[in-house]
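Protein chains in written order, with the working numbering: chain A, 1 to 113; chain B, 1 to 113; chain C, 1 to 113; chain D, 1 to 408; chain E, 1 to 408; chain F, 1 to 408.
Hint data in this document are derived by calculation from the structure and do not stem from the laboratory.
All values reported here derive from a predicted model rather than from experimental measurement.
C-beta atoms are modelled at their ideal positions from N, C-alpha and C, and glycine is treated no differently.
Please note: incorrect hints may appear among the correct ones.
Between beta-carbon pairs, the in silico distance windows are [stated by the list, open to error]:
1. E:85 with D:379: 55 to 65 Å
2. E:250 with F:149: 37 to 47 Å
3. C:24 with D:389: 50 to 60 Å
4. B:106 with F:368: 56 to 66 Å
5. C:27 with F:356: 53 to 63 Å
6. A:52 with B:84: 48 to 58 Å
7. F:281 with A:50: 44 to 54 Å
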Amino acid sequence: MKLIIAIIQPYKLEEVKKELYKAEVNLMTVSEVLGHGRQKGVTEVYRGVKETGNLLRKIRLEIAVNDDFVKKTVDAIISGARTGETGDGKIFVLDLPECIRIRTGETGKEAIG
Amino acid sequence: MKLIIAIIQPYKLEEVKKELYKAEVNLMTVSEVLGHGRQKGVTEVYRGVKETGNLLRKIRLEIAVNDDFVKKTVDAIISGARTGETGDGKIFVLDLPECIRIRTGETGKEAIG
Amino acid sequence: MKLIIAIIQPYKLEEVKKELYKAEVNLMTVSEVLGHGRQKGVTEVYRGVKETGNLLRKIRLEIAVNDDFVKKTVDAIISGARTGETGDGKIFVLDLPECIRIRTGETGKEAIG
Amino acid sequence: MINSGDTAFVLFSAALVLLMTPGLAFFYGGMVRRKNVLGVLMQCFIIMCVLSLQWVLFGYSLAFSPGNSFIGSLDWIGLKSVGLEPYADYAATIPHQAFMIFQAMFAVITPALIIGAFAERMKFSAFLLVTILWATFVYDPIAHMVWGVGGWMRNFGALDFAGGTVVHINAGVAALVSAVFLGKRLNVGHAVPPHNLPFTVLGAGLLWFGWFGFNAGSALGANGIAVNAFVVTNTAAAAAGITWAVIDWLKNGKPTMFGTITGAVAGLVAITPAAGFVGVIPAILIGIGVSCICFVMVTAVKIKFGYDDSLDAFGVHGIGGIFGALATGLFANKLINPAGADGLFLGNPKLFLIQTGAVLVTIVYSLIVTVTIFKVVDFFVGLRVEEKEELIGLDLSQHKEAAYTVLE
Amino acid sequence: MINSGDTAFVLFSAALVLLMTPGLAFFYGGMVRRKNVLGVLMQCFIIMCVLSLQWVLFGYSLAFSPGNSFIGSLDWIGLKSVGLEPYADYAATIPHQAFMIFQAMFAVITPALIIGAFAERMKFSAFLLVTILWATFVYDPIAHMVWGVGGWMRNFGALDFAGGTVVHINAGVAALVSAVFLGKRLNVGHAVPPHNLPFTVLGAGLLWFGWFGFNAGSALGANGIAVNAFVVTNTAAAAAGITWAVIDWLKNGKPTMFGTITGAVAGLVAITPAAGFVGVIPAILIGIGVSCICFVMVTAVKIKFGYDDSLDAFGVHGIGGIFGALATGLFANKLINPAGADGLFLGNPKLFLIQTGAVLVTIVYSLIVTVTIFKVVDFFVGLRVEEKEELIGLDLSQHKEAAYTVLE
Amino acid sequence: MINSGDTAFVLFSAALVLLMTPGLAFFYGGMVRRKNVLGVLMQCFIIMCVLSLQWVLFGYSLAFSPGNSFIGSLDWIGLKSVGLEPYADYAATIPHQAFMIFQAMFAVITPALIIGAFAERMKFSAFLLVTILWATFVYDPIAHMVWGVGGWMRNFGALDFAGGTVVHINAGVAALVSAVFLGKRLNVGHAVPPHNLPFTVLGAGLLWFGWFGFNAGSALGANGIAVNAFVVTNTAAAAAGITWAVIDWLKNGKPTMFGTITGAVAGLVAITPAAGFVGVIPAILIGIGVSCICFVMVTAVKIKFGYDDSLDAFGVHGIGGIFGALATGLFANKLINPAGADGLFLGNPKLFLIQTGAVLVTIVYSLIVTVTIFKVVDFFVGLRVEEKEELIGLDLSQHKEAAYTVLE
Ligand SMILES: Nc1ncnc2c1ncn2[C@@H]1O[C@H](COP(=O)(O)OP(=O)(O)O)[C@@H](O)[C@H]1O
Ligand SMILES: Nc1ncnc2c1ncn2[C@@H]1O[C@H](COP(=O)(O)OP(=O)(O)O)[C@@H](O)[C@H]1O
Ligand SMILES: Nc1ncnc2c1ncn2[C@@H]1O[C@H](COP(=O)(O)OP(=O)(O)O)[C@@H](O)[C@H]1O
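Just chain A, with the same shape it has in the complex (with noise of 0.2 Å):
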């Protein structure tokens, strides 16, 4: 099993559902988190004062998924998400040694989904 950790625009959020929907990845956890990385900030103004920002506003997803959705899921993410601008994010892949639904107690592979 594996841990997909994804940072994306907040906006790309509705398309990224979407897809992943489209990819039956329905079970996620997401956070708001702040993300400093190559993309420039956008300049804000504050009192007639230019401020760029360099800590930006982003999603942060975490999907646990079996090994044979990982590539079905990193795609759904890509093809959500990207604009082909700078700061269309990044997507951590990690290995998920063990998982468990509180609920049932059930684990691995079953709880997963």
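Fit chains B, C, D, E and F with the ligands to the supplied structure of chain A, relying on the hints for placement.
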């Protein structure tokens, strides 16, 4: 060492914490996330129109433990978080090759606790 | 590749960022979390009644790096975050088998930086 | 002769009505998604600025100076001849400028109401143009026809105590037009959860408070009519608030905060034209009625027809205003206000016909001119932000600001 | 004869008092946990609606129409005979309905104060029933006894300028009863950090502002007594605010924002019955005194006895009201208000005894009837939400809404 | 003779001005980083308490009792001789205490304005000391000189309708001093994004609303001058708000919410001294002018000189006040107010010189005494919090509280 990530119902946090303390697991990192799972969202009503949100508030726990604590920790989380209804959440267990305590520079087993 | 997760004091974020830039680590993802550790909470007072919160605000950094950057990164975090008092936080280092840049589809070493 | 009590009353009423625009900003601002809240606040606030100026420069003259029966003259531009002596045709006991500034606040809030319909997707520059044109070519003439010396609806006998037609129907129709013109927001289902419902409640509280100035102040003196308007305003808001809560309870299982304040605001809208002409029992009936109708509008009609009136500016203000204007024709009572007329239920069907006529004329006029304005502005500037700007949100894309920080 | 200055004054005072209920909603709403904020706002707002109606339908009649010495008659239901002419027994210079609507705002805020005691755990339906019964069987009779023509406490010589007994003691006692009846919230330690302390500060600011209408407005005219009430209101709030800050500083190492506003509100409560009868130095002493006593109540007595008065409705309003009513018996001064009486410190122990009597009677009456009401409602509907509903929070479980969104 | 209309007017004006301090608290509080918001709210609120007391105890006496030409006497301490009869030298138609409490609100908000300059880094104890000393040794004497019977600037013919010199220049200069004394905040670049911009907008809305009390109330009666002040206040705010938006648009690509409200507040500041003396066209010019100047101050001058006026208390209030006081010397018009004087543009250069003189004297006086106060307090208590306290934030370090919770 293992890094345990648990997604639980927000209103179960207090109980999970209690169970963890009982199991002598005192260190943890907590954050608020949104989860998409099997659980159907509560139906909310805004200006008379029903809305079934599909991202529900959850609590994410991150707990690094030594190998001999893994079972204890998982069991504690389960006994605190289980209601038997969908939405109870998941536990993910990752390998944790290294851990460092910033204050002292200690590493590994010493650092984790 | 490694995924480095660091929990630090919120008020140390600026310094940690400075140290990381010095070490040429520019990419990172930041979020706000609550931590339960050895540190005793500040005593807060609400309507004359004291409350020692046990979940304290912390910052969580997530940094994916190539193997040869691990030590640099860890050292930079430590030198930015250490005060010597409990609460300074922890660094967790996980294996990162794969990393993908959404924008280009690059993977592995190329994608990480 | 200037009366200090009346002057104090009208000035504070004006201050209360001014406060309604920030109130509306929060009422609306709480409802939108977090990335668009400044967009809404900014539109409300800039209207306070732009319309305040438009009004003293030429708006007041167009609306209230004696002109023909459709529009005023330019004799009072820059407040020429609008001094500190009373102008008895409007108010005999307060300085003329007190009347002018009280009316200014109405001119400010009316276009602000429309914002609710096109929230979260309109270009700021287009919004600004539309606002100025609309104030000049829709609001000012309608105000003149209904309230101005020589205005034909005024002479015709139409009753509009505090702005049912001029303010609410007028703005409501423009709202519908704008929702249709701009099309639906992207990625938006039926209900968009308010990003900060307490802000919306705060806004509703300030609106209720300010509405006392709006309605009671329209008596233009601290007299019995003002007291009556004050009392029925409070009563109608209360009745409408409960009514919505009850409908929610019956239909959706629980009474909601958002529903209750929506109802209260609908009640305030509906009592506006009637406030100086009806008593407390009709006020209750008006409150109950308006919540029922608006509930149907925003939960069924809007969805059926598929226009995206984001924050229900038409569904609450337009419909509430129409209902209130007609209800005035039903319940008006000369015992309350001898300067008014009796309504249908007191045996005078004529008033009801007049009210219906006034409503229709306002709708038609507002519709035609608003459509024209939108067409022109669309042609020259374009109405809607780019898709990416909309997804990112108006705060960053139109104003280069974020409403909230994430860390400390 | 209607005086426009007095009428303007009373109408705006009524508007200010109306604003106190949203103010209270934010004062309380900021203090609760995030999942319960709409629960509190909704209770406050629905009270604005329900009590506004109750009052015009029959509440005002029960409280103020000439009846017997305990309660009014039903002669004025639906505001029958309550017109736009003055009713000299209450206020000779303003329309009768102006007096009525000013009093309406008091009838609204009083039950809203009680919310603080049962916040975060009461069933909405039960809350609604309790509120209506309590307004009718506790508030209206007490208001009649203290303020109504023929009311026995009024005839007895008890002084309650703006509602120390009628509003604060009355509500405070009910608050204590409700806290005891409902039991402790789940998973709650001694201090629950406010989820949004700035909201609480906003509420405190609006309360302070509105309280000028509450106290000065109770003079029912823009006269010297009103000015005096205004001045001492501000002074007592200030003195009490500082006092709490100082106590915090001494006892807990730092002055706190939450403490300071708690003190200020306690000061406003305590000066309420005295505002028309005392000067500025007594106001300072009252402010200092009330903060000391309330501090002990909420930090020691409450914890000692273990009842869960969530937001200290009893600890601040009940105790503050008792203290203020007694202090009126100490400091009242005929030089300030010839229609009042001299207090103990001016050599008239009788007033102090009368005040003590009035306090005791109010406590006993409110206690007995409130207990009965809670028993009845508990029996028929149940008072407390289910455990799971409480853990999830009232916003979702009672109103199917969330106050804030998490993403954009 | 007491006039009820005037009394109602002044009392409500006082209430509106009181509300400005919570308004300012939110205006400032929204701007700071999340960890410091209570620090700002607390400073504003404690000033409401401390200055309200200082004023009734001795401040009013120092400022307004007949003393010498620099300062009042101690004859009116504890409001001795300040009763409910009019004091004709100040206001002949309202109780003396009404004038006193109206002025109290000015004494409250003036030191609160300074907070903007030292926000996010000042020790609470030092702040408290500075505030009390400053109110006593700077505000009270300046108020006496400008407005007090016998005050030399008053006799000299300087015009300051509602506090341009006394309030804004005075506070602005003190703000600059405090920014320089305290030094820069740690880890702060040029622009610090407001943690909650809607709070700042709310504050701006309340300030605009309250400013009607501030400026129109300064007529001390519900008369023509009051109406004029009300109208030009609204107009100048509007003109300045738009101006800033336009400058932002031209210079930075987009109009901003933060800029627009900054401009509006600058406009309110600048019109303050002129409100009773100029008409609506000068008001527009004043609004346009002040936004241009303040824009340059906060975007260029401040950065050039490198002082850290955190929230631009000097840049907006100080500079806006100076500009307004001088503009009064240009535009004042006896047709508006016969008790005033004609300005330079009406052919009377003398007034402009007098105004310039008054501005300079105020600056010099405020500068010298404020520097002394800061030196003394620095010596005895230290002005700035520890580095770690500053990094953690004032909320936790100075008040042991957090403004918001993170979970439920
Ligand atoms: N090495 C990394 N470690 C952690 N987070 C990263 C890393 N690289 C990128 N990110 C996250 O991905 C976001 C997008 O990265 P960025 O470099 O701006 O875009 P792109 O991947 O298109 O070049 C960043 O804001 C950051 O949150
Ligand atoms: N495969 C997964 N990857 C990431 N998060 C998951 C996954 N499965 C479940 N979750 C998280 O766990 C939460 C509960 O899951 P859900 O399916 O609703 O309940 P249950 O586990 O009881 O069936 C989800 O809301 C989501 O946050
Ligand atoms: N074993 C752990 N698992 C997860 N988070 C941890 C663990 N140990 C520490 N943390 C995080 O690090 C923070 C600091 O830890 P603490 O024990 O207070 O300080 P120190 O590491 O200096 O002894 C905690 O608040 C918590 O967020």
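Cross-check of the supplied hints:
1. The hinted window of 55 to 65 Å between residue 85 of chain E and residue 379 of chain D holds, with their beta carbons roughly 59 Å apart.
2. Look at residue 250 of chain E against residue 149 of chain F: about 41 Å separates their beta carbons, and that is inside 37 to 47 Å.
3. Checked against the hint of 50 to 60 Å, the C-beta distance between residue 24 of chain C and residue 389 of chain D comes to roughly 34 Å, which is inconsistent with it.
4. Between residue 106 of chain B and residue 368 of chain F the beta carbon distance is about 58 Å. The supplied range of 56 to 66 Å therefore holds.
5. Hint check: residue 27 of chain C to residue 356 of chain F, Cβ distance near 57 Å, so the stated range 53 to 63 Å holds.
6. Between residue 52 of chain A and residue 84 of chain B the C-beta distance comes to about 51 Å, which sits within the given range of 48 to 58 Å.
7. Distance hint check for residue 281 of chain F and residue 50 of chain A: the Cβ-Cβ separation is about 34 Å, which falls outside the suggested range of 44 to 54 Å.
Violated hints, listed in ascending order, are 3 and 7; each of the other numbered hints is respected by the structure.
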